[in-house]
Structures are given as C-alpha cells and as structure tokens.
Amino acid sequence: MFKIVTKRVLSAVNKLMEIEAPLVARKARPGQFIILRVRENGERIPLTVADSSKERGTITIIFQEIGKTTKELGSLQEGDYLSDFVGPLGRPMELPSSGRVVAVGGGVGIAPIYPKVKAFYDAGLEVISIIGARTADLLILEDEMRAVSSELHICTDDGTKGHHGFVSDLLQPLLDDTSKKIDEIIAVGPLPMMRVVAEQTRPYGVKTLVSLNPIMVDGTGMCGCCRVTVGGETKFSCVDGPVFDAHQVDFAELTRRSRTYLDKEKIALEKFEHECRCGGEK
Amino acid sequence: MPLEAEQVKLLRKMKEKHPMPEQDHAERIKNFNEVPFGYDAETAVKEAMRCLQCKDPACVEGCPVEVDIPAFIKLIQEERFAEGIKKLKEKNNLPAVCGRVCPQESQCESFCLRGKKGQPVAIGRLERFLADYELAKGVETPAGPDRTGRRVAIVGSGPAGLTAAGDLARMGHEVVLFEAFHSTGGVLRYGIPEFRLPKEKILQREVDYIAGLGVDFRKNVVIGKTITVDELFDEEGFDAVFIGTGAGLPQFLGIPGENLNGVYSANEFLTRVNLMKAYLFPEWDTPIKLAKKVAVVGAGNVAMDSARTALRLGAEEVHIVYRRSDKEMPARAEEIEHAKEEGVIFNLLTNPIEIISDENGWVKGMECMKMELGEPDDSGRARPVPIKGSEFIFDVGTVVIAIGNSPNPLIPQTTSGLELGRKGTIKADDNGATSRRGVYAGGDIVTGAATVILAMGAGKTAARAIDRYLKSL
Ligand SMILES: Cc1cc2nc3c(=O)[nH]c(=O)nc-3n(C[C@H](O)[C@H](O)[C@H](O)COP(=O)(O)OP(=O)(O)OC[C@H]3O[C@@H](n4cnc5c(N)ncnc54)[C@H](O)[C@@H]3O)c2cc1C
Ligand SMILES: Cc1cc2nc3c(=O)[nH]c(=O)nc-3n(C[C@H](O)[C@H](O)[C@H](O)COP(=O)(O)OP(=O)(O)OC[C@H]3O[C@@H](n4cnc5c(N)ncnc54)[C@H](O)[C@@H]3O)c2cc1C
Ligand code: SF4
Ligand code: SF4
Ligand code: FES
Chain A
1 MFKIVTKRVL
11 SAVNKLMEIE
21 APLVARKARP
31 GQFIILRVRE
41 NGERIPLTVA
51 DSSKERGTIT
61 IIFQEIGKTT
71 KELGSLQEGD
81 YLSDFVGPLG
91 RPMELPSSGR
101 VVAVGGGVGI
111 APIYPKVKAF
121 YDAGLEVISI
131 IGARTADLLI
141 LEDEMRAVSS
151 ELHICTDDGT
161 KGHHGFVSDL
171 LQPLLDDTSK
181 KIDEIIAVGP
191 LPMMRVVAEQ
201 TRPYGVKTLV
211 SLNPIMVDGT
221 GMCGCCRVTV
231 GGETKFSCVD
241 GPVFDAHQVD
251 FAELTRRSRT
261 YLDKEKIALE
271 KFEHECRCGG
281 EK
Chain B
1001 MPLEAEQVKL
1011 LRKMKEKHPM
1021 PEQDHAERIK
1031 NFNEVPFGYD
1041 AETAVKEAMR
1051 CLQCKDPACV
1061 EGCPVEVDIP
1071 AFIKLIQEER
1081 FAEGIKKLKE
1091 KNNLPAVCGR
1101 VCPQESQCES
1111 FCLRGKKGQP
1121 VAIGRLERFL
1131 ADYELAKGVE
1141 TPAGPDRTGR
1151 RVAIVGSGPA
1161 GLTAAGDLAR
1171 MGHEVVLFEA
1181 FHSTGGVLRY
1191 GIPEFRLPKE
1201 KILQREVDYI
1211 AGLGVDFRKN
1221 VVIGKTITVD
1231 ELFDEEGFDA
1241 VFIGTGAGLP
1251 QFLGIPGENL
1261 NGVYSANEFL
1271 TRVNLMKAYL
1281 FPEWDTPIKL
1291 AKKVAVVGAG
1301 NVAMDSARTA
1311 LRLGAEEVHI
1321 VYRRSDKEMP
1331 ARAEEIEHAK
1341 EEGVIFNLLT
1351 NPIEIISDEN
1361 GWVKGMECMK
1371 MELGEPDDSG
1381 RARPVPIKGS
1391 EFIFDVGTVV
1401 IAIGNSPNPL
1411 IPQTTSGLEL
1421 GRKGTIKADD
1431 NGATSRRGVY
1441 AGGDIVTGAA
1451 TVILAMGAGK
1461 TAARAIDRYL
1471 KSL
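Protein chains in written order, with my numbering: chain A, 1 to 282; chain B, 1001 to 1473.
Quick caveat, the hints were computed from the structure, so don't treat them as lab data. Wrong hints could be hidden among the right ones.
Unchecked claim - Here chain B is said to cover these stretches of chain A; the calculated rule only asks that three of the stretch's residues, wherever they fall, bring their Cβ under 8 Å from a Cβ of chain B:
| # | segment |
| --- | --- |
| 1 | 14-28 |
| 2 | 42-49 |
| 3 | 215-221 |
Unchecked claim - Sample of chain A residues facing chain B (criterion: CB under 8 Å; computed from the structure):
| # | residue |
| --- | --- |
| 4 | K71 |
| 5 | D84 |
| 6 | V86 |
| 7 | R91 |
| 8 | I154 |
| 9 | V230 |
| 10 | G231 |
| 11 | K266 |
Built from N, CA and C at the ideal position, the CB exists for glycine as well.
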C-alpha cells in the first residue's frame, strides 16, 4: 500500500499528490512515469512523475480529473492509501548538453513538462516556456514554471489570462526569430496540441519532442497496448518512449487508438458518479 | 471401501482413462467457471488401479520435475491420500496447477506403459485429484529448516520463480521474490484463463503455500527499473539472484492494419480479462472491446485460450486462423478438443496478409491466403507455402494475434555481464547458471516460450545449484 502524504488542489480539475514510494523515488528521472491502481478492482493508469524526492521517499503526481479513475483518485485524502504504485517506467529524457530549449505545455501537459523544464534549467540550459490552458482557472504550476524558466509565456483559449489564443501563436514568433537559434522544442499536452506543434515546427527543421499518452496496461512492454507508429515503425510507448520525435509520430493513429474505449469509459464514469451521489445521500 | 480383487483385475484391463466430468459445453461458454470438475475419490482410486506399478517406470522420465509417479499413484490405490500429496509435493510445489495445465500427452503420460495399448494412466488427473483433496482439507506447511543466513532474490513470480523460491526457502535461505505486476503467478495469473485455472480457488492458494514456506513477496517492483540486478547484489545485500522473467514480449505479424482499433495481442487481450477482470466490467474498471465475430491468429495454448475467452465474452463466431495443418497445432490436445466442442471454428492452412479498416479505423475484416505444406523448415515442421490467387476476406471485427512471445529485454539491457542467446534469451547452463557469478536463470527467459512444468523444472534445478553455490561462499 502506498500512502498519500500530501494533497493539493491546483484547480477545479487538477490535483497534486505526493505519494510515499521510496524505491521509485530513488530512481525516478525526468521523462519517466508510474502506473498506479487506486484499489483492488481499479484500472492501472499511467501518470508522469512530476517531481521526486529521495530524501522524503516520495513521488509527486499531478493529474486532471477526466474519467472514473482520475476522479476517484482525486476524491482520496491525505493519509489514504493507493493499492498499487509501480515505476519508474519508460526511458528518462535525454538532456541536450547546451543551448536553448523551448518547452510548450498545454492544459494538464504542464504537469509532465515541469520536471523536464526543471531538469533543463538545472543543467544550465536556457529554457523558454509557453504554457496554456482553456481558461485562467485551469492554468496550473505557473509559479513553479516561472522559477525554472528564463522566459515564461502564458495564453488561454478564452483570454482570461495572458495571450488570448493558443500556444502555437506564442511559439510562432520564436520560430521566426532567426537571431536566436532554438536547439530543441519539447511539447506536452492534449494530442491535438502536440499534433499542431509538430506540424508547425516541421518546416523549420527544429528537433521537436513530444511525450505521448496512449492507453497502457502493464507499462513494461508485455501487452503491446501502447503501440504507436513512429517513423513507420511500431514502437511500444512504455518501453521505447514515452518521449518521441514529434515529426515521426503518426498522430492520427494515436488519436484513433486512444478513443478505443470511449463508450465503456462513459459507463464507468456514470456508475462511479451515481455511486458517489447515492453514497452522499445516506 | 477397498475394491474387490476381481474389480481390480478388470480395471487393470480397462483400455481407457476414466472420463473426468465437466461442465456442458453449451452452458460453459456462458461463464468463466472451470470446465472439468475433477475426479471424486472413488474414480481416482479406480483410475489409480490402472497403473501397473512398473519396476522401471517410464512415466517418470517424461516428467521434468521427476515426480515419483508410481509411488503417489500407489498411495491413491491404498486410499492414503494425505501421504500421496506429501509424496507428490516432494518434487512438485504446484501440483494443483500442473494437474490442470501440463501437456501430459507429450510428457509423463506419453511414456506410460499403458499407453502402448489403449490410453495411458491419467497421471495429470490423479495429480489434480490429490492437490484438490489437500486444498479442500487445508494445506499443511512443512516445518521450516534452520536458517542459513544467506539471501536470494527471485525475479518474477511465474512457475519458474515460484518453484525456485519455494525450494530455496525450504533449504533455509532467506528468499525475497520481486514481481513487476500487482499480482503473482506470471502467465498462470494473466495468461491462462479462469476457466482452466481458477485464480482464487487454486492459484492463490498455491502462492499462499509458497509464502507459507517463508518467501517474502514484493509486488510492484520492476527489476531493471525500480532496482537493477547489479543493485540487488551491491546495495540490497543478496548473495544470489534467480531470473525467471518469462517470455512476455508479444510478437506481431508485421502485416498492414495491425494497429487498427480492435486488434489485440493475445497478451493484452488475456491480461485485460484474467488479471484485470474485464469480464466483470463495470464492477472491475478495466474494459475490453469485442466484436460479434472474432479471429484469433495462431494455434498454441495462447490462441485456444484467447478463442475460448472470446466466446465467453459473448462473441457469436470465433475463428482460429493457422497457417499450418492440424498436425502441427502446438496446443495441448485437451484445449483443442474443448475449443472444438465449444464451437470455435478452425481455419487451417490459412495465413493473414492484411487487416482491413472501416472508415473510422476499426477492424472490419482480415484478408487471408490459403497455404499448402512444403519442405520442413528450421523447426522441423513443414513449411507453409501460399497458394497463388487464394486470397479471401474474413468478415471479423476483432483480431487477436497469438503467434508467440519473445523474452522481454528489460533485464538483459540493464544487467552487466549477462551473456544472451540469439533470440534475446538469457544463456544458462544445465544448472541454470548464467555467465555471471551468482546469477541464475530459468523458465521461458532461457528457453523461449515453453511450458509450465519445464519452467518449474528449471526453477528446481537452479534452486539446487544456488544452494550449492551459497554453501561454497
Ligand atoms: C506515459 C503517460 C503519462 C501520463 N501522465 C499524465 C499526467 O501526468 N497527468 C494526467 O492527468 N494524465 C496523464 N496521463 C493520462 C492519464 O493516464 C489518463 O488521463 C487516465 O488514464 C485517464 O483515466 P480515467 O479512468 O480517469 O479516464 P477514462 O475515462 O478511463 O479515460 C479518459 C481518456 O484517458 C485515456 N486513458 C484511459 N485509460 C487509460 C490507460 N489505462 N492508460 C492511458 N490512458 C488511458 C484515454 O484516451 C481515454 O479516452 C498520462 C498518460 C500516459 C500514457
Ligand atoms: C495464454 C497462455 C496459455 C498457456 N497454457 C499453457 C498450458 O496449458 N500448459 C503449459 O504447460 N504451458 C502453458 N503456457 C506456457 C507457460 O505458461 C509458460 O511457459 C510458463 O508460464 C513460463 O513460466 P516462467 O516462470 O518462465 O515465466 P512467466 O510465467 O512468464 O512469469 C514471469 C513473471 O516475471 C514477471 N516479470 C517479468 N519481468 C520482470 C521484471 N523485470 N521484474 C520483475 N518481474 C518481472 C512477470 O510479470 C511474470 O509474472 C501458456 C502460456 C500462455 C501465455
Ligand atoms: S508434473 Fe506434469 S509432467 Fe510431471 S507427473 Fe505431473 S502432470 Fe506429469
Ligand atoms: S508407466 Fe504407467 S503404468 Fe507404469 S508406473 Fe508409470 S503410470 Fe504406472
Ligand atoms: S503498456 Fe503494455 S506494452 Fe506498453
């Protein structure tokens, strides 16, 4: 059993939890993820390691409540336990040795991009960060991101904070500014956002990385559920990724595959919310 | 009541095994309950009487863990069941599992003298009988020996790891078993379905027995990721490591359309159903999607399990698609028979060439070619050759690929000094010793995908070798 030692509500739908998992904490590196199960008959879901502390023996996860499992996780409190927590899984991200990096985080993608930006920053790289969300209330980790970025640009779809528009609007001038070479771009967010960024940077030939989030089961290369086509080859995201070259990823396939269980997910969520309501009436 | 001498004489002449009662096939495809019910005591004693108690028993040669078959059968003949199970357990830590899943027809029973004329003694069924008898009575854990103070790490809780762990604990060593999943048993848990090997009733109790021997189970630990093998020695203070990580990397066909929605590897399909209990969705959270018509590619145990699972999930038509003929099908005879009884349709000498998409990227068919058998290939089996112009399309909405598994590269990649075989297996000698001192390996990770009992045999041999190694330290 794995104890929730801290819980913070970051926005209406985003929560942060620090989980006691000393073995995982000893090893976790930026770019990696964990898989957890809330309880015995729960689903195994992957979440990025947002931060880790060897000293405290903890892993921090930040998640968006979108379905049954993430909502149930969000309903737990400090002192509660998760039945399973395994990791760190996936390959750690490779750090460029020098240069300028642009990090683009959209929505809940800000959480997984944060540890990467921090690693760049700690390694002495120049990091320009762009973060965006649907609306100001959903923008998370602004202060944390600012602390590890040399520049931070903000946008919201509805204009309630920063630039009124999309992360791609803010990325464009950086791509066009020929006086400052960009060595690498890393983008993490909803699939449509990553796809747009990939298309946007392709003509510029700038190395662009994305962290993919396909459906997973085991996370150790055993089931093949997480397969994605990268450069025409089938890769298993959990062991070959989750970070890949954005220009090589078949986003259409990934988008389609990630919707495999939409109808079932709806059933699971309705059942959960119904049980919550009934539980509350007692 | 002891049998009359006359009756025994008749039984000795009986050419056929006593049949094992089982769930009716029309009924059983609607549930996940175990198919055969097992022998009752009376039938077991009668079947045991068919054994001739050979002086030089050939059957034993066919058992990879050297169960003293005539001895345990004699104890059944004498109705000394409690002693029978003890005899069995001297060599076999997981008799309830082996009695159910060993391919007896190609192992112990294929050597049995009675098989020369008529059917061999039903060794597997008798083994299952004793194991179930004991489980019903309550399992006795043998007294623990003196502690040796040596520590062994076991990686993987499949049959190889469980056997090695159990034996080493009985030798007095401190044993810690690391398992990547949240649950133990390896393929016995996530691969072989409930209707062949009940998880709570049988498997969990066999695992509990191993735990009772003093093995410390640590789940949710991926060796190579959470802790490396090197660290097990350098930081965790283990004196020896046994690697039993199996062959868990699913192979695909490499044909167009394999990443469409509705194409599963058998590993994913079976894991969702067995480990994650998708058949109980939404009581259990993990979903599975299945069309009315399903094709399973392959004809091994994995394919039979997938096909029979699909039926139980409600598929109306399930096809096995296999590129060789029925003679080459690698599955256990009983599995093929059960699959046929349940209505699985066998399409032999048929090879998929493309999986076809509907307008939304879901499977809507599978294009295949008819094959004929040519010259033998490397494996000694006839090589299937496509027949020109024989293409046709199966109208199916789900495809399960069950053509085999390779070893997972995680441990080889993260462990120093391990010599590997050609197909990514770990090289080990007859004792399970690898190229690295103190590191032993066995089961599917060494042989490639094989059988439960071979994995157990390897675990057993390695345990003995590890014990010798520890004493030499
Ligand atoms: C490597 C990786 C890292 C991730 N990191 C984060 C993170 O840091 N924060 C965060 O909020 N989310 C992250 N995700 C996504 C997160 O796993 C899903 O949001 C979660 O599984 C949804 O589960 P649910 O039951 O709440 O929703 P559901 O209603 O079940 O699903 C909603 C959507 O989530 C996806 N999904 C469903 N089940 C799974 C599954 N078993 N594995 C992966 N995706 C699934 C599907 O696309 C689905 O349509 C990550 C995913 C991956 C693969
Ligand atoms: C569907 C199916 C049906 C089968 N039916 C039969 C049958 O009827 N009869 C028969 O004899 N054989 C059958 N087999 C084959 C048999 O199950 C295997 O040969 C046997 O299980 C191999 O045992 P093992 O201990 O080597 O590995 P496995 O059973 O594969 O166990 C390996 C374990 O190691 C764990 N692991 C892997 N990597 C790591 C890591 N890095 N760290 C920690 N843990 C790790 C895995 O999660 C797993 O639990 C079947 C196989 C399948 C897939
Ligand atoms: S363990 Fe398997 S091979 Fe050995 S006697 Fe039992 S059923 Fe036969
Ligand atoms: S070979 Fe057959 S008959 Fe002879 S001892 Fe073995 S099981 Fe009995
Ligand atoms: S999640 Fe199973 S192989 Fe990647």
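For each hint, the structure was consulted:
Beta-carbon proximity to chain B at under 8 Å applies to 3 residues in the segment 14-28 of chain A; the threshold of 3 is reached and the given coverage holds. Beta-carbon proximity to chain B at under 8 Å applies to 3 residues in the segment 42-49 of chain A; the threshold of 3 is reached and the given coverage holds. Under a criterion of three residues with beta carbons nearer than 8 Å to beta carbons of chain B, the stated coverage of the segment 215-221 of chain A is upheld, 4 such residues being counted. Annotation: interface hint on A/K71 violated; nearest CB of chain B at approximately 11 Å, more than 8 Å.
This hint holds: A/D84 has a C-beta 4 Å from the nearest C-beta of chain B, less than the 8 Å allowed. Taking 8 Å as the C-beta contact cut-off toward chain B, the hint placing A/V86 at the interface holds, the least distance being around 4 Å. With its C-beta approaching chain B no nearer than about 10 Å, A/R91 sits outside the 8 Å limit, and its interface hint is violated. Here the hint on A/I154 is broken, as its CB sits about 35 Å from the closest CB of chain B, past 8 Å.
A hinted interface residue such as A/V230 counts as satisfied when its beta carbon comes closer than 8 Å to some beta carbon of chain B; here the least separation is about 11 Å, so the hint is violated. Taken as an interface hint, A/G231 does not check out: its beta carbon lies about 14 Å from the nearest beta carbon of chain B, beyond 8 Å. Checking A/K266 against chain B: minimum C-beta separation of about 10 Å lies over 8 Å; hint violated.
Going down the numbered hints, you'll see the structure goes against 4, 7, 8, 9, 10, 11, while the others check out.
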